[in-house]
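Novice: Use the sequences and the hints to build the structure in full.
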Amino acid sequence: MSIPRDFQISKSKRKMLIELVESEISPFYKGHRKGAANQRNVLLHAISLAYKAGKRKPFKGGFSVFQNSILQEEEKYLLMAIGISEIGLDALFPDKHNEIYKMAEEYANTGIDIVYNMVFKTGYGDPLLDFETAISEALEKT
Amino acid sequence: MNISKIELENFRQYRGKINLEFDTDSKKNIVIILGVNGAGKSNLYNAITWCLYGVEEHSKHRDGALKRLNESKRNDMKTEAYANVNVKITFSGRSPLIVERKQLFVKTATGGLYEQPDEHKVWFLKDGNWKPSNQPSATVNAMLPEGIRKFFFFDGEQLDDFFKPGLQGKGKIEKAINDVSGVDVIDKTVEHLEVVERRLRRSGSKSSPELEIIQKKMNDLQIDMDERKVEITDKKKQASFLDIEIEKCESIVKTFPVKEISAYQKDREGLDKDLKLLNEELDKNKLERIEKIVDNGPYVFARKAYLKSKQTIDDATDSGQLPPQIRGTFVKELLDGGHCICGMDIEHEGPHRKKVEGYLRDAKWSMVDQAAIDLKWKFDTRIAKVSSTSKELLEIGRKISEYEARLEEKQMALKEISEKLKNVDSEEIVRVEKNRNDFSKQKSKIGNTLAILKSQQNEGMAEMKDLKDELNTEMRKYQQLEVTSKKMDLAASALEVLQTLRNEYISEVRDSISSNTDKYFKELIWKKKEYNEVVIDEDFDLQVFNKFNNNVKLDLSAGERQVLALSFMSALKDITGYEAPVIIDTPMGRISKKPKDNIAECLPRYLKDTQLILLVTDSEYTSSVKEKLDKRTANRYKLSFNENTSATSVVTI
Numbered sequence: 001m002s003i004p005r006d007f008q009i010s011k012s013k014r015k016m017l018i019e020l021v022e023s024e025i026s027p028f029y030k031g032h033r034k035g036a037a038n039q040r041n042v043l044l045h046a047i048s049l050a051y052k053a054g055k056r057k058p059f060k061g062g063f064s065v066f067q068n069s070i071l072q073e074e075e076k077y078l079l080m081a082i083g084i085s086e087i088g089l090d091a092l093f094p095d096k097h098n099e100i101y102k103m104a105e106e107y108a109n110t111g112i113d114i115v116y117n118m119v120f121k122t123g124y125g126d127p128l129l130d131f132e133t134a135i136s137e138a139l140e141k142t
Numbered sequence: 001m002n003i004s005k006i007e008l009e010n011f012r013q014y015r016g017k018i019n020l021e022f023d024t025d026s027k028k029n030i031v032i033i034l035g036v037n038g039a040g041k042s043n044l045y046n047a048i049t050w051c052l053y054g055v056e057e058h059s060k061h062r063d064g065a066l067k068r069l070n071e072s073k074r075n076d077m078k079t080e081a082y083a084n085v086n087v088k089i090t091f092s093g094r095s096p097l098i099v100e101r102k103q104l105f106v107k108t109a110t111g112g113l114y115e116q117p118d119e120h121k122v123w124f125l126k127d128g129n130w131k132p133s134n135q136p137s138a139t140v141n142a143m144l145p146e147g148i149r150k151f152f153f154f155d156g157e158q159l160d161d162f163f164k165p166g167l168q169g170k171g172k173i174e175k176a177i178n179d180v181s182g183v184d185v186i187d188k189t190v191e192h193l194e195v196v197e198r199r200l201r202r203s204g205s206k207s208s209p210e211l212e213i214i215q216k217k218m219n220d221l222q223i224d225m226d227e228r229k230v231e232i233t234d235k236k237k238q239a240s241f242l243d244i245e246i247e248k249c250e251s252i253v254k255t256f257p258v259k260e261i262s263a264y265q266k267d268r269e270g271l272d273k274d275l276k277l278l279n280e281e282l283d284k285n286k287l288e289r290i291e292k293i294v295d296n297g298p299y300v301f302a303r304k305a306y307l308k309s310k311q312t313i314d315d316a317t318d319s320g321q322l323p324p325q326i327r328g329t330f331v332k333e334l335l336d337g338g339h340c341i342c343g344m345d346i347e348h349e350g351p352h353r354k355k356v357e358g359y360l361r362d363a364k365w366s367m368v369d370q371a372a373i374d375l376k377w378k379f380d381t382r383i384a385k386v387s388s389t390s391k392e393l394l395e396i397g398r399k400i401s402e403y404e405a406r407l408e409e410k411q412m413a414l415k416e417i418s419e420k421l422k423n424v425d426s427e428e429i430v431r432v433e434k435n436r437n438d439f440s441k442q443k444s445k446i447g448n449t450l451a452i453l454k455s456q457q458n459e460g461m462a463e464m465k466d467l468k469d470e471l472n473t474e475m476r477k478y479q480q481l482e483v484t485s486k487k488m489d490l491a492a493s494a495l496e497v498l499q500t501l502r503n504e505y506i507s508e509v510r511d512s513i514s515s516n517t518d519k520y521f522k523e524l525i526w527k528k529k530e531y532n533e534v535v536i537d538e539d540f541d542l543q544v545f546n547k548f549n550n551n552v553k554l555d556l557s558a559g560e561r562q563v564l565a566l567s568f569m570s571a572l573k574d575i576t577g578y579e580a581p582v583i584i585d586t587p588m589g590r591i592s593k594k595p596k597d598n599i600a601e602c603l604p605r606y607l608k609d610t611q612l613i614l615l616v617t618d619s620e621y622t623s624s625v626k627e628k629l630d631k632r633t634a635n636r637y638k639l640s641f642n643e644n645t646s647a648t649s650v651v652t653i
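Same order as they appear, the protein sequences are chains S and X.
So that you can map any letter, position 73 of the first sequence is 73 in the numbering used here, and since no number is skipped, the others follow by simple counting.
So that you can map any letter, position 72 of the second sequence is 72 in the numbering used here, and since no number is skipped, the others follow by simple counting.
Honestly, the hints are just simulated from the structure, not real lab data.
For each residue, glycine too, the CB sits at the ideal point set by N, CA and C.
Worth double-checking, as some hints may not be accurate.
[Unchecked claim] Each pair of labels, with its calculated beta carbon distance range: (1) X/Thr-473 to S/Ile-70: 18 to 26 angstroms; (2) S/Asn-98 to X/Asp-234: 54 to 62 angstroms; (3) S/Lys-55 to X/Thr-233: 43 to 51 angstroms; (4) S/Leu-129 to X/Asp-184: 39 to 47 angstroms; (5) X/Glu-408 to S/Phe-93: 53 to 61 angstroms; (6) X/Pro-209 to S/Lys-55: 34 to 42 angstroms; (7) X/Val-185 to S/Leu-129: 41 to 49 angstroms.
Specialist: Shown next, in the form of structure tokens:
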């Protein structure tokens, strides 16, 4: 499978990503669980939420967040599901995999704003409630 | 490792040469050294620590080394005469050792007394012969490091310090656990790495004005963070002081001689305990909720993608596109061969060749048909999993609400108790309760300030991390700083790993000491059914839960506290892994008769595989205590101080 070595997002989003894993009020706070999967979790949420909102945008000047080789099987299938839903069964061909990962990066790049707003721009409420509500809505609508 | 012999010469109140020999074994592991106050027990203890480590810590003597030479010997010395102070200890066991420390004293022609530097010698047994050690201190430390000797040689009367309320007791417990864990090695490495990192940063930042600006920002931020750290420590101290004051107030209410009033405090303690457990459950569920959301969110939000992709695969299957009916390799072979299976010529362009080429385009799907089938199955499974997420979250949410409601209920009950106490028919209690409330309010305010300070400190740390990254990025622009930048990266990663390692390690050591203290306490305590569990929590607070699951640490009698302390010391000793004798000065000093007998009953079981040397007074070593210890006692000595000769004599009893 020909995939890019690193998963990248725009440099301008780096601060938001760090804040999402460093802040104790964030569900992605690194202290909640052991291991270093948090930044990846943020980006997977970003990809899915941006896909749901139908927003993706190419960017220049990215920085590497993690190596794609660390993605779990389930996470690769998620990218595949998005790929097939966007470009059809052609997404199954190895020469399209690079395009699918790029697409995921573009979704992540816009989606990180959505995640950030859900965590930090909800006033004084519990950010988790926003996620819970969004989860319930997503299940009801689809 | 056991002490088999102690030889003293002119040490403090021991005039001339005095020998104590011990024949302990696994069946008789106790040595009793009896003496009234001032007979020389503490100086025997000092002789041991001086011989091994060159210190007389457990001593009232702050009068310099000159008085180490026995006073009457000093007076009898003629001018220009010499006298030795000598302590020699023989250890038997797997690695026998002789440790000796001696010091020469000289009386000058004018009558002045001078001491020479002391001389430390150690011999170890090799091939049946005693060989001198080239590094006496290192050899002694290999047997029992000085940093942890206090868990082997200790004063029974000071053990109570562990259970002082508030930060004082917790601090002592935390320090003891840190000491035995050897975590200081990691701490020193962390400190060193921080210095290295700062030095690298400073050296690199001189290369450009941009770097200097970032460095200045980092320095300013560091000053802010250091100031905040001091403020946090101060606030913690204030909170600890308030804890003590609150406990004092509660203790007055609890021991008040009106049953109705003291019962309120007992109820309050029960409610506090319930609140703690409920909060723990609440935290557990909240974490579960976070995990559920973080783990499932992406799949739920992309559910449409799964459904759409699955439909695409289904449509392709229904239309016959998947799996392809003709294999691509077969069609390619026909085209290469130039003949169709029907015999038509397909070597040259024409409608027949075109039709067969069309089959090849369809057949490309053979490359991915299995992948599509696999994915369809994976998508199905994921869609099913995702559908149950909402229900699971709902169930966790229900539990959280339930715990929150119960917490509120308990808090209301606490308020009611406080209101009742403010209206009882006792001016003292009304005043005490008012004070308690004031202290609680102050503590709550301090708690809020602390939370803000800690959050600011975390933000500072995050900002520092950003600045470090910024500095690194800037430094990479300069080729000459490439190596420095890489070194900084390495130092930062090493620091992160070490901090995580330290926290995990200390947590494991604390858990192990906690469960061993619990084990020993349950073995030793006489009221076995009364106590449920001894726990050292994450705050290093030692708690004793009774059968009703109330924390009764503050209600323990002096005897029970002593047993708890001995259990804790034993657990600490275990974690060190060293096999050295345990020497306790006045193990039952402050304890009244009944608990003394109880402790004596349990002492033979305490550290039964370790040599136990007990320095006891007459009032501790009563006839009933003696009777209880006799079976496990190997040797008994009595120390007697003769005021006429100013010297202690030692006799076997």
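Novice: Given the hint of 53 to 61 angstroms, check if X/Glu-408 and S/Phe-93 actually sit that far apart at their C-beta atoms.
Specialist: holds, 59 angstroms
Novice: Are S/Asn-98 and X/Asp-234 spaced within 54 to 62 angstroms by their CB atoms?
Specialist: Once the Cβ atoms are compared, 57 angstroms apart, the range 54 to 62 angstroms for X/Asp-234 and S/Asn-98 holds.
Novice: Is 41 to 49 angstroms right for how far apart the beta carbons of X/Val-185 and S/Leu-129 are?
Specialist: This hint holds: roughly 45 angstroms between Cβ atoms.
Novice: Does the Cβ pair S/Lys-55, X/Thr-233 satisfy 43 to 51 angstroms?
Specialist: holds, 48 angstroms
Novice: If you check the beta carbons of S/Leu-129 and X/Asp-184, does the distance land in 39 to 47 angstroms?
Specialist: The hinted range 39 to 47 angstroms holds for S/Leu-129 and X/Asp-184, with Cβ atoms some 44 angstroms apart.
Novice: Note whether the CB distance of X/Pro-209 and S/Lys-55 lies within 34 to 42 angstroms or breaks it.
Specialist: Between X/Pro-209 and S/Lys-55, where Cβ atoms are some 40 angstroms apart, the hint holds.
Novice: I want to verify a distance hint. Is the separation of the beta carbons of X/Thr-473 and S/Ile-70 within 18 to 26 angstroms?
Specialist: Holds, at about 23 angstroms.
Violated hints for the displayed structure: none, as all numbered hints are satisfied.
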